[in-house]
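Dock chain one against chain two, each of which comes alone in its own frame, and use the hints as you go.
The primary structure of each chain is shown beneath.
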Amino acid sequence: MKLLEYEAKQLFAKEGIRVPKGILAGKHEEILLHMDEITGNVVVKAQVDVGGRGKAGGILMADRDTVIETARQLFSTTIKGVPVQRVLIEERLDIQHEYYVSITIDRAKKQPVILFAEAGGMDIEETAQKKEDAIRSINFSPLLPDVPGFLLRELCGNAPAEIQKTVNQLYHVFCKKDALLAEINPLVTTPDGVYAADAKLIIDDNSLVRQGIAVNRDLTEREREAEKFGFSFVQLDGTIGVIGNGAGLTMATLDLIEYYGGKAADFLDVGGGADSERVMHAVHLVAGVPSVKVIVVNLLGGITRCDEVARGIIAAGVSVPVIVRIAGTNAEEGRRLLSEKGYEMLDTMDHVVRKAVEVTG
Amino acid sequence: MIYGDRKTGIIVTGATGRQGEYHIGLMNEYARQVGGRGVVAGVTPKKGGQTIHGVSVYNTVKEALAEQDAAAAVVFVPGGAAADSIMEAADAGLELVVAITEHVPVHDTMKAIAYAEMQGCAVIGPNCPGFLSPGAVKMGIMPAGLFSQGHVGVISRSGTLTYEVVDELTRAGIGQSTVVGIGGDPVIGQTFADVLEQFAEDPETKAVVLIGEVGGNLEAEGAKSTDVPLVAYIAGVSAPPDKRMGHAGAIVEGGESDARSKIAKLKKMDIPVAARPSEIPDLIRDLFRCHC
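Line order of the protein sequences matches chains U and E. By the numbering used here, the letter at position 108 of the first sequence is numbered 108, and the numbering carries on one by one without gaps. Numbers given in the numbering used here equal positions in the second sequence, counted from 1, plus 361.
Chain E with its partners taken away, still in its complex shape (with noise of 0.2 angstroms):
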């Protein structure tokens, strides 16, 4: 279990947009299953004074800070007021904000990630779908039904695929620590490498399966900087070869960023690389027994 557990008070940030709401009743319905905290506030500048799903909403994270304990926040504030969003979060004092918005612009997200490093908080997106550890905690978007409680972590690039290689899992008796949708945005903040330090650290992960994208290079930085025993399935392998950014991006990412590459690298580490999604639970089953 990495990020958070049971006790940890989520703050939910657009708390009274149409995803903010919906999903703190989800959040609040998985809290009371499994005995957490969950969501203990919301935050919709103007719209303070308001219960959404009986939870209080504030103007402000540090107004709802002074009334409520929370460590984290989940921002759902839409593309262009998103990073202020995690700004004013770790400019609180919370140490984790999961970004949930898409469409972000990329200027914004370098300088929120930025800002809210130097102020010692980590953030996880954005366009991701937050991460959820089965029978502890959720902070985000996922199915909570397709999960079962195990010692296989998942860190992942994508949102629904994650479910995918998730309920793959689950059917295969293979139940899950903790699974981290990271976002497919070219900047974010928690990267492949940043959470596999963290399962590392974790006794109850043994395993984990890292999900990866065309673009980029993360996958294979965080396979090189680890120990713990993985498994990788990379989508993409029939994309069309992507439009590359001049030449500038091809000489920082040095070398090519489409999947079959990646593929290769990953497999030249060593590390089972899956053909189909439903091939994961067999390479964690063979890990497991190369491991015993």
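Isolated chain U, as found in the complex (with noise of 0.2 angstroms):
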């Protein structure tokens, strides 16, 4: 789950990085209450979770005198069609130099890997297509509490030592959050030392709950409900219902669907070990969506009992027509119930889908 900018900068200062004196505004008037801490020039920034938030004119420069007049304007507006609910407004820095910094996990080494450019700011990605040798990389043990100090000079460079510190308490935030993502670009030397002028964090969804993050807001609604039974859930805008489990199969059955030149209304991984219940909920929740005109379920049996599904699309019961593929676990059982109350049953996965297309013209 993604964070905003203001949460990430919280958990960033109880790591000792330095971040800008900052106001949380949820409405232009709350700003009235805090204009005592306002002295100088500020930097007032629309907290949403949209990339290139600076270019779409979610960071507004302002003073004393034109802050409440910039909020207002930033809280009437969208960002990428992202409306603004709340605004930071911290005191502008006076930047010497802007560094990027980025830790994530590198899959292929299984290793923390940290970049780091001298030039950070905008266009990142952008100087990294460039300039190849623009941004440089280290990656290291997981089971090191610490950035090995050789190797923080070998990322850093030129930098300020301070500069060092804060990519090592940042690795910090990104172990203790089990962030997938911390970054900080830019990362600013400033007359009075580093400070962190942006903040990213994302968390690990696997991780929520120990983090305590009771809500992933990185779900739509339908998506969360869906999520309660243990499923992965995206609505689409076919006309063919699909259950799956394994996202793998799930994944195939869309692309055979988008092969025999079907359209898909849904992604429904019922996930591993679905008893007849959660089939249930899951053939309610597409029978749900508006443009279903039939629904195929393919499940192949592993970890899941096909008698359990069978029961369950029974148990549903619903008027949309269903068409069955089941292999695997217990599969012999389950054909039989589900043959015994007249469901359409083909026995692969070409079939079932070749089938739906058809019924859905």
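Treat the hints with caution; some may be incorrect.
Stated by the list, open to error - For the chain U half of the interface with chain E, some residues (derived, Cβ under 8 angstroms), not all of them:
#1 Glu91
#2 Ser141
#3 Leu143
#4 Asn206
#5 Ala214
#6 Asn216
#7 Gly238
#8 Asn245
#9 Gly261
#10 Asp307
#11 Arg354
As the list claims (entries may be wrong) - Listed below are several chain U residues computed to face chain E (Cβ distance under 8 angstroms; list not exhaustive):
#12 Ile105
#13 Ala108
#14 Leu180
#15 Ser207
#16 Ser232
#17 Gly248
Claimed, not checked - Result set (DSSO-like, lysine-lysine): computed pairs, CA atoms no more than 27 angstroms apart in a straight line:
#18 Lys109/U <-> Lys629/E
#19 Lys165/U <-> Lys176/U
#20 Lys165/U <-> Lys2/U
#21 Lys55/U <-> Lys131/U
#22 Lys585/E <-> Lys109/U
#23 Lys567/E <-> Lys629/E
#24 Lys109/U <-> Lys628/E
#25 Lys176/U <-> Lys14/U
#26 Lys21/U <-> Lys165/U
#27 Lys629/E <-> Lys130/U
#28 Lys423/E <-> Lys407/E
#29 Lys80/U <-> Lys109/U
None of these hints come from the bench; they were simulated from the model. Being a predicted model, the structure only gives us computed values, none of them experimental. Backbone N, C-alpha and C define an ideal beta-carbon position, used for all residues, glycine too.
Below is the structure:
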């Protein structure tokens, strides 16, 4: 789950990373309460989860006289379609130099990887493509509690020593917060020292519970509802409802629908080991998607038992036609149960999908 | 046949949970059919002394190894504690850990795999269905009824999609040597390249099917690393472009990790790529024809 800038900055500050003094406001009137804290020039930053926020008009310059009007302006607009619910008003820093630092996971090496650029700020991705040596990277054993000093020196080159310290503090945030990404762009030097001018933090969805995060904000309400039952669910705009087990097989079912010229209405992976009740909820959820004309159930039992799947489909008893393909663990029993109730069953994935495409024309 | 044979004794951790118990039963049913040793011990902290399907349960892997001869562990321990169980098995001296558990925090996975590798222990998974060598050994949750014995290896990031492909192969009369589900998480132990290295040494395996998905870049890395004849299928052509993890993800992975880009990369290496799972058997036949 992505955190907003102000949330990430609070966590960075706890690890000792210096962040600009800031005021968070949900309405422009709230700023009035803090006017004595605003002395010089400020930056007003929309707290929205949007890439390229600055270029899209989400970051505005202001001073004591114009700050309220500037905030009002941000609250009344959307940034790339996202309404602004909060703004962060920060003291404007006297920036001497901008760096880029980012920590993520290198899948191939199975280790943390830290990227660093002498020239940070906007357009870092462009810089990376144009000048391959503009970004340096290091990776090291995930069993180490700190970034080794020799690697920090290699990474940061001629940057001031305080930058190295900040990179190590950012690594502590990355580990403690179960982050998939911890980024500061730009990381700036000022006459008063080093500051994180921006902050990005993405928390591993598998760690939300132990991080004390109850609600995954990245999901829509329907997706959250689906998650309660252990489903991954994405609503699409076609006519063929899809229920599969396992992301790979469900994805392959959607690919096959496209191959045969149909359009899928959703992606629903019931997950491993679904019992009849979960399958019933899945059928109800997909039948509730307004564009659905037919539902394809494509399940291969491993950890999931096909007799449970069959009981779930029967218990759901929806009026939309359901075409079933089940194979694997307890498939015979599942097929027997479904055929007793007159469900249409086909024995391969190609056949069920072709049939569904025919039915929907 | 790779990663184990009929003689490999297996320890199941998380043995007294619903999934652990159920799959001890199925693994041992398979072992009886093929004359293998199967699961010789279960482990669940504080539940030592019980038996499950006739298998003794111990409190720790070390206690289990004091009484039973085993070389591998299959982990069913739930998310937050799975990494600990992987490290325990590696620390006790087992050569192989197959981690079935889903939803393992990725930081835990990174640490557990690094620790296990230091102990000389290979990890398959997490979030994987394990592996099955028809007629010899099953470690994990694959539905044995779909498999048939033969000379084609399968490596897959998916669980159920693997069964789909195995089903297609078996129906087409093409048997399998070993089928390995390596797991779909961002960080996994054995990668395509690692499993291909094993297959290259395996006299039973004449060709390998790679089953990939969107995300990461490990399919092409694996394909580049081997001389074994390959056929591939990549799921996710119709998937909407993946939300990228900031700029760093794109920079680290060095290019696109969507299905179409992956397919293009594999085709550039002259690897036949199936548009549908049901095309895989024909591509395998073509492969054998030109290698005859």
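Structure-based check of each hint:
{"no.": "1", "hint": "Glu91", "result": "25 angstroms, violated"}
{"no.": "2", "hint": "Ser141", "result": "6 angstroms, holds"}
{"no.": "3", "hint": "Leu143", "result": "5 angstroms, holds"}
{"no.": "4", "hint": "Asn206", "result": "5 angstroms, holds"}
{"no.": "5", "hint": "Ala214", "result": "16 angstroms, violated"}
{"no.": "6", "hint": "Asn216", "result": "13 angstroms, violated"}
{"no.": "7", "hint": "Gly238", "result": "10 angstroms, violated"}
{"no.": "8", "hint": "Asn245", "result": "5 angstroms, holds"}
{"no.": "9", "hint": "Gly261", "result": "12 angstroms, violated"}
{"no.": "10", "hint": "Asp307", "result": "13 angstroms, violated"}
{"no.": "11", "hint": "Arg354", "result": "11 angstroms, violated"}
{"no.": "12", "hint": "Ile105", "result": "6 angstroms, holds"}
{"no.": "13", "hint": "Ala108", "result": "6 angstroms, holds"}
{"no.": "14", "hint": "Leu180", "result": "6 angstroms, holds"}
{"no.": "15", "hint": "Ser207", "result": "4 angstroms, holds"}
{"no.": "16", "hint": "Ser232", "result": "11 angstroms, violated"}
{"no.": "17", "hint": "Gly248", "result": "2 angstroms, holds"}
{"no.": "18", "hint": "Lys109/U <-> Lys629/E", "result": "24 angstroms, holds"}
{"no.": "19", "hint": "Lys165/U <-> Lys176/U", "result": "17 angstroms, holds"}
{"no.": "20", "hint": "Lys165/U <-> Lys2/U", "result": "25 angstroms, holds"}
{"no.": "21", "hint": "Lys55/U <-> Lys131/U", "result": "22 angstroms, holds"}
{"no.": "22", "hint": "Lys585/E <-> Lys109/U", "result": "16 angstroms, holds"}
{"no.": "23", "hint": "Lys567/E <-> Lys629/E", "result": "22 angstroms, holds"}
{"no.": "24", "hint": "Lys109/U <-> Lys628/E", "result": "25 angstroms, holds"}
{"no.": "25", "hint": "Lys176/U <-> Lys14/U", "result": "11 angstroms, holds"}
{"no.": "26", "hint": "Lys21/U <-> Lys165/U", "result": "20 angstroms, holds"}
{"no.": "27", "hint": "Lys629/E <-> Lys130/U", "result": "25 angstroms, holds"}
{"no.": "28", "hint": "Lys423/E <-> Lys407/E", "result": "14 angstroms, holds"}
{"no.": "29", "hint": "Lys80/U <-> Lys109/U", "result": "35 angstroms, violated"}
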